[in-house]
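*Asks:* For the protein sequence lines, the chains are A and B, in the order given.
What the first sequence shows, in the working numbering, is residues 38 to 445, in sequence order.
What the second sequence shows, in the working numbering, is residues 38 to 445, in sequence order.
Hints were generated in silico from the structure; no laboratory data involved.
Just so you know, not all the hints are guaranteed correct.
A few chain B residues that don't get close to chain A, going by computed Cβ distances all over 12 Å [to be verified]:
1. Lys70
2. Ser89
3. Thr111
4. Asp155
5. Arg160
6. Gln287
7. Ser312
8. Arg343
If you only want the chain A side, here are some residues facing chain B, beta carbon under 10 Å, derived [stated by the list, open to error]:
9. Val100
10. Phe129
11. Cys145
12. Tyr180
13. Val430
14. Val433
15. Tyr436
Beta carbons are placed, not taken as given, at the ideal position from N, Cα and C, and that holds for glycine.
There are 2 protein chains.
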Amino acid sequence: MTYITVALNGLIAVGAYFMALRIIPRFKDMFIKANLFGKDLCKRDKKEIPESLGVLVGCVFLVAMFLFIPVPFTLEEAAAMDVETGGKPATFPHEEFVELIVALLSICCMILLGFADDVLDLRWRHKLLLPTIATLPLLMVYYVNYNSTTIIMPKFVRGLFGYSLDIGVLYYIYMGMLAVFCTNAINILAGINGLEVGQSLIVAASILIFNAIELCLGHQVDGHKFSVYLMLPFLAVSLALWKYNKYPSQVFVGDTFCYFAGMTFAVVGILGHFSKTLILFFLPQIINFLYSIPQLFKFVPCPRHRLPKYDPQTDLLHISTTEFRKDELNILGKLMVTVLKTFKLITWQEMPDGRVITNNFTLINFVLVVFGPVHERVVTQMLMGVQVLCSIVAFVIRYPLASYVYDT
Amino acid sequence: MTYITVALNGLIAVGAYFMALRIIPRFKDMFIKANLFGKDLCKRDKKEIPESLGVLVGCVFLVAMFLFIPVPFTLEEAAAMDVETGGKPATFPHEEFVELIVALLSICCMILLGFADDVLDLRWRHKLLLPTIATLPLLMVYYVNYNSTTIIMPKFVRGLFGYSLDIGVLYYIYMGMLAVFCTNAINILAGINGLEVGQSLIVAASILIFNAIELCLGHQVDGHKFSVYLMLPFLAVSLALWKYNKYPSQVFVGDTFCYFAGMTFAVVGILGHFSKTLILFFLPQIINFLYSIPQLFKFVPCPRHRLPKYDPQTDLLHISTTEFRKDELNILGKLMVTVLKTFKLITWQEMPDGRVITNNFTLINFVLVVFGPVHERVVTQMLMGVQVLCSIVAFVIRYPLASYVYDT
């Protein structure tokens with residue numbers, strides 16, 4: 038039955054792809070009229086590009102999933118039908134059913150809040166609050182359905198904690214933070230044409246490959262099936278969006294898409310029971326976050342925008358820089374830049390008057406530090422290449438290496 | 038256990054009320070900055086009033102409901118706990134659980150689509166499509182959980198159809214149309230300060246009274262409990278919104294609120310199994326719709342806006358009118374105005390040159406036809422009075438009269 042269900046899911050995904058492909062161009066003017074647009078700063082003609090199109094593909098995704106709801110349950114019911122009574126079989130998968138619905142509730146809520154953020158331009162602290170709100174139903178259902186908060190310990194600490202440990206409420210905090218992490222991780226590594234959607238496509242593809250491997254191995258079949266059901270339509274609508282968002286962008290995706298994508302990943306990670314593996318697929322985002330820390334937490338002065346600088350003459354992107362006096366930095370700031378300088382991870386130019394010029398600490402700028410001025414399209418491709426490489430590393434960590442740490 | 042659950046629900050509702058009361062004024066400027074505002078045409082100073090605040094109370098409602106999710110199930114589980122195994126009792130109410138989640142999914146989806154409509158200003162045909170999309174998950178879960186499409190026949194047609202009739206797919210169409218009806222019914226009877234929220238408050242209160250009566254009688258306890266769980270928080274956030282939306286409005290509620298309210302009513306009607314009674318509570322909206330038909334379907338010329346006309350000198354509202362030549366009307370149009378004229382339901386002024394001036398056919402204008410120019414605050418009060426009267430009529434139909442038509 039699983040094959041038929043996945044095939045039908047794939048069919049719905051294909052439908053969603055063409056639907057999204059068709060409606061995105063038709064809605065473009067409506068977004069501009071509604072004052073939802075941005076200027077593309079890395080182009081010669083700084084055209085007005087419709088913004089927040091993520092809400093559109095999010096809605097197409099939801100409709101596709103709504104239509105899919107009855108499929109797995111009707112098929113499984115048919116397979117397990119009690120022939121004599123003709124009634125609902127005792128094995129009707131209630132818990133899976135409610136999981137699918139609550140996953141959609143969390144995602145729908147996140148799209149709503151993301152769109153509200155795009156329209157109303159909420160403050161920074163809201164960006165942490167909104168994903169927490171949207172995960173609430175998930176946590177509540179987890180509480181009612183399982184309330185299992187026990188984690189298996191890695192081998193090398195079992196002497197200290199035993200084989201497993203019940204971490205209680207910490208487990209819920211962990212799940213909530215996972216959603217905050219996933220949504221914001223994609224939102225932070227953004228700003229050049231196609232990057233948000235590009236990285237989401239690769240994460241989604243990595244998850245699907247992982248699901249396929251685990252399904253073949255027969256591990257945790259329910260969780261991975263569940264993940265496939267959500268990931269195929271997500272991949273489909275993201276591909277459609279990619280067609281319009283890749284260089285040169287005809288549409289921007291908005292925070293809505295970053296939230297939508299991040300929440301979808303968090304939901305399959307949590308309810309598919311592979312949240313640790315999921316985090317491995319976010320390696321570039323984690324590296325970007327770590328690299329950004331000196332500026333994010335103000336140890337090094339941070340300008341309002343850290344996007345690369347566009348040179349209209351050559352049509353290439355250059356690093357964007359920040360300027361400060363060396364003695365402005367406190368002791369921690371000094372330590373951080375020294376480490377980064379030592380490993381040649383930043384540019385560093387000292388002026389005679391004591392001022393220092395260095396690049397802004399983002400992964401996009403780092404690519405430009407290494408490769409010099411590059412065309413925007415190529416920067417996106419390089420960053421997507423990094424994402425693919427990191428996914429390969431993730432699989433190496435997950436399969437050969439994990440057996441040293443956990444029993445598999 | 039029911040009493041404790043309802044009490045906790047009420048407590049959460051009170052919290053939601055104060056939360057909404059607190060955040061509405063804080064977000065006002067953000068809405069105006071986002072270009073979401075309208076001018077109040079029935080005031081001397083046509084100030085800019087923030088629009089679509091419905092999305093805010095919708096979100097507060099959702100958060101309140103998310104926090105409520107575990108309450109009924111934890112309590113019922115505790116009551117039915119299998120002491121020996123300590124495990125989940127065999128009687129765990131899976132179907133009720135999934136109903137609550139899917140109800141929230143439909144409502145959340147409707148708030149999202151409503152807000153998108155407010156921001157993007159979608160076309161008229163979308164107004165019929167959007168509620169249909171948002172009801173999809175509800176219908177899908179209904180299909181998986183029950184798929185009971187049999188209706189009980191009224192006594193007087195049982196000779197023809199038998200005691201009950203399985204209407205199959207028509208039942209799903211009926212449920213989908215109920216959602217379209219509820220959402221648009223509130224949206225059509227609107228336009229003066231406080232009217233959308235005012236009517237919603239009275240419908241919600243009527244539903245709660247009906248639920249209380251049925252719970253006391255012990256009829257369909259599960260359905261009515263379910264309805265109470267959603268209606269109390271809805272009433273709470275609507276009351277908070279009413280404080281700012283009543284005359285003179287400091288905020289407008291937008292299509293978002295109309296959709297949100299209509300969907301919440303449709304959901305409790307469908308999943309609470311009292312959709313026919315629910316329709317009775319919409320009598321003024323039905324009357325408004327019937328009265329509007331000649332203009333809605335263009336039998337009589339319909340201007341773009343049919344709001345009453347404001348007289349800045351007296352601060353009173355007058356009927357707004359439409360003008361046409363009598364010979365423009367086709368045969369059906371002529372018949373309709375003749376009937377309306379005969380029963381004195383419209384004003385009718387024939388000019389010497391063959392033109393005719395008559396009021397626009399809305400319930401708001403009808404109140405002004407009967408009572409003459411009235412202050413805006415009073416018009417809203419009158420229409421709310423009509424709503425209360427109609428609810429009383431609904432109870433009379435539902436209780437003493439229904440026993441003639443159905444067995445009770």
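*Asks:* Taking 12 Å as the cut and beta carbons as the points, is arginine 343 of chain B off the interface with chain A?
*Replies:* holds, 24 Å
*Asks:* Examine each Cβ of chain A, and state whether all of them lie more than 12 Å from the Cβ of arginine 160 of chain B.
*Replies:* violated, 9 Å
*Asks:* Is the nearest CB of chain A more than 12 Å from the CB of aspartate 155 of chain B?
*Replies:* violated, 9 Å
*Asks:* Taking 10 Å as the limit, does the beta-carbon of phenylalanine 129 of chain A come near enough to a beta-carbon in chain B?
*Replies:* holds, 8 Å
*Asks:* At a threshold of 10 Å, is the proposed contact between valine 430 of chain A and chain B supported by beta-carbon distances?
*Replies:* This interface hint is violated because 37 Å lies over the 10 Å limit.
*Asks:* Hey, is threonine 111 of chain B genuinely clear of chain A, shortest beta carbon separation above 12 Å?
*Replies:* violated, 7 Å
*Asks:* Using the nearest Cβ pair, does tyrosine 180 of chain A come within less than 10 Å of chain B?
*Replies:* holds, 5 Å
*Asks:* Given valine 433 of chain A as an interface hint, is its Cβ closer than 10 Å to any Cβ of chain B?
*Replies:* violated, 38 Å
*Asks:* Checking the smallest CB distance to chain A, is lysine 70 of chain B really beyond 12 Å?
*Replies:* For lysine 70 of chain B, whose nearest Cβ neighbour in chain A is about 7 Å away, the distance does not exceed 12 Å, so it is violated.
*Asks:* Please confirm whether serine 312 of chain B is truly not at the interface, meaning its C-beta sits more than 12 Å away from all C-beta atoms of chain A.
*Replies:* Holds, since 21 Å exceeds 12 Å.
*Asks:* Please verify that hint: tyrosine 436 of chain A, Cβ, nearest Cβ of chain B, below 10 Å or not.
*Replies:* violated, 35 Å
*Asks:* Does the CB of cysteine 145 of chain A sit less than 10 Å away from some CB of chain B?
*Replies:* holds, 5 Å
Of the numbered hints given earlier, the model fails hints 1, 2, 3, 4, 5, 13, 14 and 15; all others are met.
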